[in-house]
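K.L.:
Residue numbers (my numbering), protein chains in the order written: chain A, 41 to 342; chain B, 366 to 698.
Watch out, some of these pointers could steer you wrong.
[As the list claims (entries may be wrong)] No more than 20 Å apart at the CA atoms, straight line, and that leaves these computed lysine to aspartate or glutamate pairs for EDC-like:
| hint | chain 1 | residue 1 | chain 2 | residue 2 |
| --- | --- | --- | --- | --- |
| 1 | A | Lys53 | B | Glu578 |
| 2 | B | Lys622 | A | Glu301 |
| 3 | A | Lys45 | B | Glu578 |
| 4 | A | Lys294 | A | Glu115 |
| 5 | B | Lys391 | A | Glu301 |
| 6 | A | Lys53 | B | Glu575 |
| 7 | B | Lys627 | A | Glu115 |
| 8 | A | Lys52 | B | Glu578 |
Keep in mind the hints are simulated off the structure, nothing from the lab.
Because the structure is a prediction, the values reported are computed rather than measured.
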Amino acid sequence: MVRRKHRDLQVKKAMTGYLFILPFIIGFISFMLVPLVESLRMCFSNVVVGIGQGGFVMKFIGLDNFKKAFTVDPEFNRMLTEELTRMLVSVPATLIISFFMALLLNQKFKGRGFVRAIFFLPVILSSGVLVGLEFNNSLLQGMEEVVKQSTGNTNITTILEDILSNSGFGTRSLKFVFSIVNSVYDVVIASGIQIIIFLSGLQTISKSMYEAAKIEGCSAWESFWKITFPMVSSVILVNLVYTIIDFFMRTDNKVMQKITETMMPKMDYGFSSAMAWTYFAGVMVIIAVLCGITSRWVYYHE
Amino acid sequence: MSSENRTKWKNFSERNRKSGGYLLRKVILGKLYRIVRAILLFGLCFLILQPLINKISLSFMKEKDLYDATVISIPRNFTLENYKLVDQLIGFWKTLLNSVGISTLVSVVQVVFCTIIGYGFARFKFPLKKFWFACVILVIVIPPQTIMSSLYLNFRFFDIFGLIKLTTGNTINLQNSILPYIMLCMTGMGLRSGLYIFLVRQYFRGIPKELEEAAYVDGCGTFSTFVKIMIPDAKPILTSCFLFSFVWQWTDSFYSKMFLGKIRLLPNMLTSISGLLSDYLININGAGSKPSVAYGQMMISTGMIMAIIPLLLIYIVAQKGFVENLSQTGIKM
């Protein structure tokens, strides 16, 4: 009797649990799963929007949309490889810089609150449409070129690059380094949330560990690699995934812009979902590979 | 005073000698580190603020200041005309009111439903819980662009399992109404809803179980425990979610273009500002007159400043809600 009552209670609790997440289940099935399957079908078909019939018709055309994306469309291949390589460069840079910044902002110094406030400003100011406006302006870049020419091309990084490449270092690796240096602004702007996540990770490390290490004669450098780094390694994984997705969804992403353009004004739904799925698959592969590599050395304290 | 200093210094040098120069080295290195850190932080802060400052100063300039090489960031001919013109172009006050309304509505709905869902995930045991939570992660990971084309068509020809077509003979066009978007937000599929569900769940998991059990023992039902005990406790994370939701909704162009195209919202108006400007000039000066590149740029900067100012005010007032609360949640995987 008692056991049955206990079971009843459990069932009741499970029911209430389901009641709480019911909105999500409904939403997931109707606004995520169904469209996901549908857009997968769209990839392989020619979508004709027939307004008179009150619906749209899909005609199966096999891999034609993908063929169009890879062989016919002049820009897609180039954009795809460009964005994916840009991602491979900018994601590690973002992670490293935001980790470094989080370390700095976790220390105690005068005006820390103020500096923190400024660092998280980009979370607000570089979201959504504002980023797109900032970077879409090829006009502004044109103006910059003019200014550069008139002032005799005084740019510290270019000068440094000239000097170093003349002195006979490997130019390729140098180019890579300088592309990172030049994009410091982009990286700092894009790393607000990552800094917050890292900070939250850093704050969970108990002070006593550092004290113990110090007593044992650990230098700051050693305690960084032996305590801080393993303790936040799980947070690094979170940030890695977040950064990739964030990069994927930024409005200044060229592939994304192209996909939205083919969908909205041009109404070519089949082609646009084929491109979206190709891009999505590429990103998923990258996430899977990187997670596979990083999750090996993630350390869980509990 | 000086004698005191002298004894201090004597004391210090004594200790330094005993430690074999280690103390002095440590103090100097510490000072050096602080200076380097200060320079670095200042530089980075400047890097972040510089475009903003640049835009602000640009928005107060007259057009001829742009071509004056001696004017860098302080306008020579200070003017408010840009603001007036942008106001005229985009109907600033009405657009602002629309934006405030939509953002508030959307973020309130989002926070309410994400809290309910997050609480369900944090506090109840039920079969397939792991599976559904994996679905939440999936929602965070899958970019909305992937499913947008079919979602768009679905709302264009909206129907519930063919029932509506059966009764009225036609599907409903929900495009250009706010209803589909609110439906998305209510079911945890809105802009970054997955993230809020995740955060709320994380927070609720950190609240001790005894609190809840005490309420149950005292005869509080499940729902009233949730409303009376748990929600007041979760206020910090809820305000954070609300603030982020508000701000991201404010600047979002993707969803607003998709679902709210007909409503004049700030992001939509901002992207069309240069087109509006050339239309306006054609109206005034006759066909063929085009705004110069720099002038259009100036207008966009002014528009951006006008759109950002409310956000800046919110940020200054509620800075703690954005940063500190979130960093205390303990985000883990």
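K.L.:
If a hint holds in the structure, say so; if it doesn't, say that too.
P.N.:
Now the hints, each set against the structure:
With a C-alpha separation of about 13 Å, the suggested pairing of Lys53 of chain A with Glu578 of chain B holds against the 20 Å cut-off. The suggested pairing of Lys622 of chain B with Glu301 of chain A holds, with an alpha-carbon distance near 12 Å, which does not exceed 20 Å. Of the pairs offered as hints, the one joining Lys45 of chain A and Glu578 of chain B holds, with about 18 Å between alpha carbons and a cut-off of 20 Å not exceeded. Restraint check: the Cα-Cα separation between Lys294 of chain A and Glu115 of chain A comes to about 10 Å, which is no more than 20 Å; the hinted pair holds.
Using a Cα cut-off of 20 Å, the hinted pair Lys391 of chain B and Glu301 of chain A is violated, with the two alpha carbons roughly 60 Å apart. Between Lys53 of chain A and Glu575 of chain B the CA atoms are separated by roughly 17 Å; this keeps the pair inside 20 Å, and the hint holds. Restraint check for Lys627 of chain B and Glu115 of chain A: the C-alpha separation of about 31 Å exceeds 20 Å, so the hint is violated. A C-alpha spacing of about 16 Å is found between Lys52 of chain A and Glu578 of chain B, which places the hinted pair at or below 20 Å, so the restraint holds.
When held up to the earlier numbered hints, the structure conflicts with 5 and 7 and fits the remainder.
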